[in-house]
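Work out the full structure, taking the sequences as your base and the hints as a guide.
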Amino acid sequence: GQQLNQSPQSMFIQEGEDVSMNCTSSSIFNTWLWYKQDPGEGPVLLIALYKAGELTSNGRLTAQFGITRKDSFLNISASIPSDVGIYFCAGQLHQGGKLIFGQGTELSVKP
Amino acid sequence: DTGVSQDPRHKITKRGQNVTFRCDPISEHNRLYWYRQTLGQGPEFLTYFQNEAQLEKSRLLSDRFSAERPKGSFSTLEIQRTEQGDSAMYLCASSVWDRVGTQYFGPGTRLLVL
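So the sequences go chain by chain: A and B.
Start counting the first sequence at 1; every next residue gets the next number (the numbering used here).
Start counting the second sequence at 1001; every next residue gets the next number (the numbering used here).
Please note that the accuracy of each hint is not assured.
[As the list claims (entries may be wrong)] Now the in silico label distances, taken between C-beta atoms and shown as ranges:
| # | chain 1 | residue 1 | chain 2 | residue 2 | range |
| --- | --- | --- | --- | --- | --- |
| 1 | B | E1052 | A | E17 | 43 to 51 Å |
| 2 | A | G16 | B | N1051 | 41 to 49 Å |
| 3 | A | E17 | B | S1027 | 38 to 46 Å |
| 4 | B | L1055 | A | P111 | 42 to 50 Å |
Hints were generated in silico from the structure; no laboratory data involved.
All residues carry an ideal CB built from backbone N, CA and C; glycine is no exception.
Structure (structure tokens):
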């Protein structure tokens, strides 16, 4: 079945640093989404991307939908302690259909 | 404004028992999804509904699992004869069937099978 490879698996950074993580797939998707999950909670939507090449920002977060439709990246600028958590990419092939998730990137921010 | 809600938030059961979880989607969201998440992994798709119709089921959904959405509003997920391997977080999400169909997740039900 389809799989998403998300990297890095974990990151330890200093407060104020910028962060970048990415997701690649062996097959194309028509939608890419980025979620953040805190321990014991459900994923919270951060950014949704609907067109190849699209670059979208949400505050300090910026994400891009790769031209090939097989990859996406998420950047976080000027990280703060509340950015700590697990970030998941998710791809969707069919509108309204199931999401395929990556394995997650665990972010730790040192004050 | 209420998001997706799930009940219970936690469930501990003995192997062989049946359990049922409930999901209430965001009001007027006509699509409802169930996912399962084990420790250190991303959520995995189980099944989804449009209104009361179950449109897709994953091979992960064995015969012991059944999901319903009888009136097109809330949904239930039942696991019969639970096994220790069923221990996981069960997540529900909902969306509107439109051009974007963005899925919004509930807080999940954490199941532990002893």
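Margin query: Quick check on a hinted range of 38 to 46 Å for E17/A and S1027/B, using CB atoms only.
Written below: 40 Å, holds
Note to self: Within 41 to 49 Å: is that where the Cβ-Cβ distance between G16/A and N1051/B falls?
What the structure shows: 48 Å, holds
Margin query: If I claimed the Cβ atoms of L1055/B and P111/A lie 42 to 50 Å apart, would that claim hold in this structure?
Written below: At roughly 46 Å between Cβ atoms, P111/A and L1055/B fall inside 42 to 50 Å, so the hint holds.
Next item on the list: Mind checking the hinted window 43 to 51 Å against the Cβ distance between E1052/B and E17/A?
Entry: 49 Å, holds
Hint violations for this structure: none, all hints satisfied.
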